[in-house]
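Engineer: The chain contents come next:
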Amino acid sequence: MTSYALTTPLLDEKISGLNVGKHVTFTGVIYTARDAAHKRLIEMADRGEPLPINLQGQVIYYVGPTPPRPGAVIGSAGPTTAMRLDPYTPRMLELGVKGIIGKGGRGPAVREAIRRHHAVYCIAVGGTGALLNRHIKSAEVVAFEDLGTEAIRRLEVEGFPAIVVNDCFGNDLLEEGKKEYRTSDRPIPPVKALGG
Amino acid sequence: MVREIDAALITETVARLAVEATHYLPEDVEGAIREARTTERSPLGVQIIDEILENAEIARTRMLPLCQDTGSAVIHVEVGQDVHVSGAYLIDAINEGIRRGYSEGFLRKSIAAHPFSTRTNTGDNTPGIIHTEIVPGDKVRLLFMPKGGGCENMSRYQNFLPGMGKRAVIDFVCETVDMSGGNPCPPLVIGVGVGGTAEKAMTMAKHSLFRKIGSRSHDAEVAALEDELLEAVNALGVGPQAVGGSTTALDVFVETHPTHITALPVAVNIQCHSARTKEAIL
Chain A
144 MTSYALTTPL LDEKISGLNV GKHVTFTGVI YTARDAAHKR LIEMADRGEP LPINLQGQVI
204 YYVGPTPPRP GAVIGSAGPT TAMRLDPYTP RMLELGVKGI IGKGGRGPAV REAIRRHHAV
264 YCIAVGGTGA LLNRHIKSAE VVAFEDLGTE AIRRLEVEGF PAIVVNDCFG NDLLEEGKKE
324 YRTSDRPIPP VKALGG
Chain B
15 MVREIDAALI TETVARLAVE ATHYLPEDVE GAIREARTTE RSPLGVQIID EILENAEIAR
75 TRMLPLCQDT GSAVIHVEVG QDVHVSGAYL IDAINEGIRR GYSEGFLRKS IAAHPFSTRT
135 NTGDNTPGII HTEIVPGDKV RLLFMPKGGG CENMSRYQNF LPGMGKRAVI DFVCETVDMS
195 GGNPCPPLVI GVGVGGTAEK AMTMAKHSLF RKIGSRSHDA EVAALEDELL EAVNALGVGP
255 QAVGGSTTAL DVFVETHPTH ITALPVAVNI QCHSARTKEA IL
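Protein chains in written order, with the numbering used here: chain A, 144 to 339; chain B, 15 to 296.
Take these hints with a grain of salt, some might be off.
One-sided and incomplete, this derived list gives chain B residues near chain A with beta-carbon spacing under 10 Å [as the list claims (entries may be wrong)]:
no.: 1; residue: Val-60
no.: 2; residue: Ile-72
no.: 3; residue: Cys-81
no.: 4; residue: Ser-288
Partner residues are not named here, just some residues of chain B that face chain A (Cβ under 7 Å, in silico) [said to hold, decoys possible]:
no.: 5; residue: Glu-65
no.: 6; residue: Thr-75
no.: 7; residue: Gln-95
no.: 8; residue: Asp-96
no.: 9; residue: Tyr-103
no.: 10; residue: Glu-118
no.: 11; residue: Arg-122
no.: 12; residue: Ile-144
no.: 13; residue: Thr-146
no.: 14; residue: Phe-174
no.: 15; residue: Pro-176
no.: 16; residue: Cys-188
no.: 17; residue: Gly-195
no.: 18; residue: Gly-196
no.: 19; residue: Asn-197
no.: 20; residue: Leu-250
To be clear about the criterion: a stretch of chain B counts as covered by chain A if any three or more of its residues have a C-beta under 8 Å from a C-beta of chain A, and this derived list gives those stretches [said to hold, decoys possible]:
no.: 21; region: 20-32
no.: 22; region: 82-90
no.: 23; region: 257-263
Bear in mind the hints are in silico, worked out from the structure with no lab data behind them. Computed from a predicted model, the values in this text were never measured in an experiment. Note that CB positions come from ideal geometry on N, CA and C, so glycine has one too.
Based on the sequences and whatever the hints tell you, model everything.
Structural biologist: This is how it looks when you write it as structure tokens:
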């Protein structure tokens, strides 16, 4: 399968070319953030405080890696469930985030926010933290060190593989894919957050 | 005749199981994923399966955990009734093994001390979720499962009207898998507990996940239900990582237990494609 190479930060015209189902690779800097880091960033923004990282055009990766072995850059580093971050995502997009990497689907409000802000949501393959580790060339904690595995890390990545799930046109790969391959006559249940 | 087993041996074994389970994908699971590659209809699904297989190879050769979520440490321990554990309390010995395995193996510590309050990380992945069972004999069997949050959080339980029968089971399992989408990291292994009481049903669902892919219940009717469920789930079109495809589950296991005349309890406990388990017999 051919991949579409992307460099970060993401430019608007590149985002326009990212349709759902496209296999892409990221090269450049991406930032890690999970639940606790999102909460803090948004609280700081709401208080009008300067943020520890500039979010303009950036890509956020939902990951909490394993500790590195001595001499290693990072441990196993695959994506976590994106739906858990749904409550924070529209605000993060307002703050300038253009790309998100996680796993699993997003709720209707997030899909709409991604369309409105001309952004993109991709999945990396959940449960492939060892493979994704090989695409991370450096890792440095840049904020909220006290959060441990949930601290914000600046990662330099090379050829980091992902798949476009929600594009800037409002499409959703998971919805389309399920319809295409469904042979069951059961009605498709509505998208509903089931928890983490 | 009572056989003495040193608690230190239990600790050492649990520590080893934690590292092995998180780095080596079980052969039966890898075999089932390889098999799925030949039948998956979606090209994107095949690409995902390839990445999963490559991941298993990298994890094994470079000693990197298969997944960054090295889980809650779920341990099912069968203690022979002719065994005497000496030197420490059995549960303490197991937790010490978890502590050691997660620290020395560079595994992620993912346990929050208080569930709804401070949620401070316990720092060593203890306490484990430990189930003990007294069995005949003079051996100790340790079954270790590092259980990730993504799939565990998709667990569901419901009691149905007794007359609803297997239709209720099939509908409930399909609905759960459909709604879970990509969250539990398909292709899945699905554990189902039917009967007993609420906690019995969920414990059976979890325990069934220790079975080998392709194994079937000894009860012919239950085995037939397992086949029917696997087919029904794979017809949903969820596919690898929910991008759409014909491989939603690698297998479905059902365990049953007699139940109250008023009840039909059904529990679903999902395992991701990184269906990590490891056992040892002392």
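Engineer: Compare the structure with each hint and give your call.
Structural biologist: Okay, the hints, checked on the actual structure:
A cut of 10 Å between beta carbons decides the hint on B/Val-60: the least distance to chain A is about 8 Å, and the hint holds. A cut of 10 Å between beta carbons decides the hint on B/Ile-72: the least distance to chain A is about 4 Å, and the hint holds. A distance limit of 10 Å between C-beta atoms decides the matter here; for B/Cys-81 the minimum to chain A is near 5 Å, and the interface restraint holds. Among the interface hints, the one on B/Ser-288 holds; its C-beta lies about 4 Å from the nearest C-beta in chain A, closer than the 10 Å criterion.
For B/Glu-65, the suggested interface contact is upheld, since its CB lies about 5 Å from the closest CB of chain A, less than 7 Å. Given hint, B/Thr-75 at the interface with chain A, is violated; its Cβ is 9 Å from that chain's nearest Cβ, farther than 7 Å. Hint status for B/Gln-95: violated, given a least beta-carbon distance of 38 Å to chain A, over 7 Å. With a cut of 7 Å, the hint placing B/Asp-96 at the interface with chain A is violated, because the nearest CB-to-CB distance is about 39 Å.
With a least beta-carbon distance of about 29 Å to chain A, the hint placing B/Tyr-103 at the interface is violated under the 7 Å criterion. For B/Glu-118, the interface hint is violated, the least distance from its beta-carbon to any beta-carbon of chain A being 11 Å, above 7 Å. Here the hint on B/Arg-122 is kept, as its CB sits about 4 Å from the closest CB of chain A, short of 7 Å. For the restraint placing B/Ile-144 at the interface with chain A, the shortest Cβ-Cβ distance is roughly 23 Å, beyond the 7 Å limit, so the hint is violated.
A least Cβ separation of about 28 Å between B/Thr-146 and chain A goes past the 7 Å threshold, and the interface hint is therefore violated. At about 17 Å, the closest approach between the beta carbon of B/Phe-174 and any beta carbon in chain A exceeds 7 Å, and the interface hint on this residue is violated. Given hint, B/Pro-176 at the interface with chain A, is violated; its Cβ is 23 Å from that chain's nearest Cβ, farther than 7 Å. Against a cut-off of 7 Å between C-beta atoms, the interface hint on B/Cys-188 holds, since the closest Cβ of chain A lies about 6 Å away.
Taking 7 Å as the C-beta cut-off, the interface hint given for B/Gly-195 holds, the closest approach to chain A being about 5 Å. Checking B/Gly-196 against chain A: minimum C-beta separation of about 4 Å stays under 7 Å; hint holds. A hinted interface residue such as B/Asn-197 counts as satisfied when its beta carbon comes closer than 7 Å to some beta carbon of chain A; here the least separation is about 4 Å, so the hint holds. Residue-level restraint check for B/Leu-250 holds (minimum Cβ-Cβ distance to chain A is 5 Å; threshold 7 Å).
A stretch counts as covered by a chain when three or more of its residues have a beta carbon under 8 Å from one of that chain; for the region 20-32 of chain B and chain A the count is 0, and the coverage is violated. Residues of the region 82-90 of chain B with a Cβ under 8 Å from some Cβ of chain A number 3, which satisfies the need for three, so the listed coverage holds. Judged by the Cβ-Cβ criterion of 8 Å, the region 257-263 of chain B is covered by chain A as claimed, because 4 of its residues qualify and three suffice.
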